[in-house]
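Student: Start from the sequences, fold in the hints, and give me the full structure.
Chains as they are written, first to last, in the numbering used here: chain G, 8 to 242; chain E, 33 to 404; chain X, 84 to 381.
Treat the hints as calculated values from the structure; they're not laboratory data.
Glycine residues also receive a C-beta, built at the ideal position from the N, C-alpha and C atoms.
Just to be clear, a hint being listed does not mean it is correct.
Here are some chain G residues pointing at chain X (derived, C-beta under 10 Å) [said to hold, decoys possible]:
#1 P77
#2 S78
#3 P89
#4 F95
#5 E102
#6 L106
#7 A151
#8 T222
The calculated DSBU-like cross-link candidates involving lysine-lysine, where the alpha carbons are at most 35 Å apart (straight line), are [unchecked claim]:
#9 K132(G) / K246(X)
#10 K83(G) / K115(G)
#11 K161(G) / K246(X)
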Amino acid sequence: MLKMQNVSFSYGAINAVRDVSLSIEDGEMVSLIGANGAGKTTVLGIISGLLRPSAGDITFGGESIVKTPPSTIVKKGIVHVPEGRQIFAKMTIWENLRLGGYKVTNRKLFQERVEYAFDLFPILKERKNQSAGTLSGGEQQMLAIARALISGPKLLLLDEPSLGLSPLITRQVFGVISGLKKAGITMLLVEQNAYEALQISDRAYVLETGSIAMTGKSSDFINNEDIKKAYLGGV
Amino acid sequence: MRLRDNNVFRFWSFVGIPLMIIIIACFHQGGYYTHLINTFGIYIILVASLNLVNGFSGMFSMGHAAFMAIGAYVSAYFTLPTDIKYSFLPGLPHWLKDIQLPFLAAMLLGSIAAMLVALVVGFCVLRMKGHYLSVATLGLIVIVRSVLDNQDSITNGARGITGLPDHAVTWTIFFVAVVVMYILHRTIRSGFGRELIAIRDDTVAARTMGINVTKYRVLIFAMSAFFAGAGGALWGHLQSVISGKFYYYDMSFKIVQTSIIGGVYTLSGSIVGSLFMTFVPEFLSPLESGLQIFGVQLPEMYGLSNLIMAAFLVVLIIFRRQGLVGYSENIVNSIFSPDVYKAAVSPKEYKKLLGIIASKFTRLLHKKDNKS
Amino acid sequence: MSIEYIISQLINGLRLGSVYAMVAIGYSIVYGILRLINFAHGDILTVGAYTALTLMVAFGYPLWLVIILSIIISVAMGLLIERVAYRPLRNAREETTLVSSLAVSAFLQNLITMVFSEQRKAFQLPDWLTEIHTYGIVKLSTMNIIIFATTIFLLIFLSIIMKKTRIGMAMRACSDNQRAAALMGININVVVAVAFMIGSALAGLAGIMLAGEYKTVDPAMGFAPGLKAFVAAVLGGIGSLGGAVLGGFILGIAEMAFAGLLPTSITPYRDAMVFVLLILVLLVKPNGILGSDEGGRS
Chain G
8 MLKMQNVSFS YGAINAVRDV SLSIEDGEMV SLIGANGAGK TTVLGIISGL
58 LRPSAGDITF GGESIVKTPP STIVKKGIVH VPEGRQIFAK MTIWENLRLG
108 GYKVTNRKLF QERVEYAFDL FPILKERKNQ SAGTLSGGEQ QMLAIARALI
158 SGPKLLLLDE PSLGLSPLIT RQVFGVISGL KKAGITMLLV EQNAYEALQI
208 SDRAYVLETG SIAMTGKSSD FINNEDIKKA YLGGV
Chain E
33 MRLRDNNVFR FWSFVGIPLM IIIIACFHQG GYYTHLINTF GIYIILVASL
83 NLVNGFSGMF SMGHAAFMAI GAYVSAYFTL PTDIKYSFLP GLPHWLKDIQ
133 LPFLAAMLLG SIAAMLVALV VGFCVLRMKG HYLSVATLGL IVIVRSVLDN
183 QDSITNGARG ITGLPDHAVT WTIFFVAVVV MYILHRTIRS GFGRELIAIR
233 DDTVAARTMG INVTKYRVLI FAMSAFFAGA GGALWGHLQS VISGKFYYYD
283 MSFKIVQTSI IGGVYTLSGS IVGSLFMTFV PEFLSPLESG LQIFGVQLPE
333 MYGLSNLIMA AFLVVLIIFR RQGLVGYSEN IVNSIFSPDV YKAAVSPKEY
383 KKLLGIIASK FTRLLHKKDN KS
Chain X
84 MSIEYIISQL INGLRLGSVY AMVAIGYSIV YGILRLINFA HGDILTVGAY
134 TALTLMVAFG YPLWLVIILS IIISVAMGLL IERVAYRPLR NAREETTLVS
184 SLAVSAFLQN LITMVFSEQR KAFQLPDWLT EIHTYGIVKL STMNIIIFAT
234 TIFLLIFLSI IMKKTRIGMA MRACSDNQRA AALMGININV VVAVAFMIGS
284 ALAGLAGIML AGEYKTVDPA MGFAPGLKAF VAAVLGGIGS LGGAVLGGFI
334 LGIAEMAFAG LLPTSITPYR DAMVFVLLIL VLLVKPNGIL GSDEGGRS
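Tutor: Below is the structure:
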């Protein structure tokens, strides 16, 4: 479905991403793990069109999207749930969802998806007229994911969903994510929490200082000694 | 070795030749070019002091002209002939009316006055965030002008004061300019300067390191105002007339413009910017009165040189934010580096220079050979 | 000091304030979305006035056409400025765009000077507009009433647009979190363009009104009102529509109060007092009266 080929990107003089290639098939859940600052968020930003790479190509469903602006990429079905939630804190939960459906023209479809989101996250329905800024970290993460779902994504990009959340809430969030996987949504998950990421995904890429160091099945990685030492705390 | 790193080259380009021009100007007081050179010299002081605030400490002040005004008026109080003071400034206290000081002393008092005002204002205003700070500094020039235009008894109101003595001669201006540049040069290189740059680059991190950001900002603001006051005093005496309208938005904008065109990240930028902004508009101004080019009569276009300069500023901001000079402190470093002066009298260094020139020449010839 | 006098000063303040409010709305909307203080905004006022002058005098168009065309030209100018001088700096530091706007302001002023000359020119709106009606101690022209009514109408109208329409929601989203808004599929360029269109249209209109009020135009006419309108926007809480209008009226009333209530020796300090007021308010409420806490662009 998505193919990244030899993509590079620099922030000025700093080479953030070097010659990265990865691919995601329909229905797959792929995780991108690596240390802080390895370039994972940059990779997502490049896919969603926020950043323009200096080299390489990205194709989605066979079509090149490297030069496409972010607003069009959303239309094509790639939705990016950014790092740190990035919800609209001054607007209500309902308005946040409404914005998630900004590109959805069919009212009925929109209503259906909102209902689906409310089923997944009942607390959002409860507090739908409250300001999004009053939500807790975990709830905001739910909102961010719900908001992304409203546009009916073909590919969901999740950037560090567990960032800043307590272990209990993290479990909840990953519970939701695995539910989405069961529903067949294709996802690319970027996570510092390598354990959770590998548990839940089919395949994984390891990013080290901007380049892909390793790739393979997540189940293999969990048992891999090097990965364990580097990213799983030797557990 | 690059040409610009060679000490002899640096000496002659940045010290020797400019010095000779300045000395010639000193003997031609009243000449047209001398006036331009004087303007250039004062601008160096004004722009460098503004860079201190706008470039090195991450604030953006539009209030420079206000401190200039304070420096100008206060210094004038000490240099004006007594009879002018009695006639036009009745509100001044007697001792002030009677006193007459040499220029440098008067200028110093003007600077101190500006600095004191900056300290007071600074405590109120500098804790504000970015844009609000800039607006407040804009308010400063409005407030100062209001006072100047309305406190007739001590300012002669909007009419201003004419007849300031002719103290702003070339040697005085450049003497002050060199001193100011030296002080700023040393300050930026000191520990204090490094802390400043830390604050500019990341205010939050600086705070966590225990640096009292507001205190620094006030100090910098006050220092900048001190020098602005000096510049204002010089400017006032150069023009020999002072009035609120000369120290208002247009003046502040012109200095900001100059500092950005030259380059806000270095002191050398203030020199290059001032050079540029003094001489280029002069060359453009004939266009304004409608001259003939190739037999075509151009219409009178008043405001054209300002227009071009404004457009140039926008282009520069977009495409080369670091200004004409960029990040290189070569000019200022050359002026204050003992090695450069030593090289001027060392035959070995001259040989090195010749070597560089020769190699550039041969490279040029080679290029021509390659083409044919 | 009678009640009548106070009321009349209040009304005068509202009269003055509604022009400030109209211009302040433009500042606020643009700042809300871009975090940019558009110093050239005041000069759009001048553009509107001069366009109207040219259309009336050189072409002899009827008033309604003049106003519509002047607004269109003002909008075009605003969009052009945004495209050329601000969009390339979208990701730069805040001070950079500020300086750019200063430069654009200088550019516009000199352009108008070049084309029209520095001199003040006469500007005459039809009598039925400038005719003054007396209500007791209060003197208002038809135009004053129209401006006031228009400002209130605009406040309501724009607020509805912001709250209920898709583009309004997009604008609020951009103002709240620009990056997230882009990820929702919102075209930031379009949102910014709309903001500039609204602001420039209002500024152009205000310019015509101001020219009609003072019966003259000159290239620097936008500077003082622009600055005061900006102060009004900051006073009320920049980024907030209601704040802009509130700030405008407060400023207008404050100016009248300073002029009328303080001892005559301080009257000329009217302009300065405006800024002192601003500084005092900012010290107490760093984000303006109606402003909310924000950490800049997220």
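Student: For each hint, tell me whether it holds in the structure or not.
Tutor: Each hint tested on the structure:
no.	hint	in the structure
1	P77	5 Å, holds
2	S78	5 Å, holds
3	P89	6 Å, holds
4	F95	4 Å, holds
5	E102	7 Å, holds
6	L106	5 Å, holds
7	A151	9 Å, holds
8	T222	27 Å, violated
9	K132(G) / K246(X)	21 Å, holds
10	K83(G) / K115(G)	20 Å, holds
11	K161(G) / K246(X)	30 Å, holds
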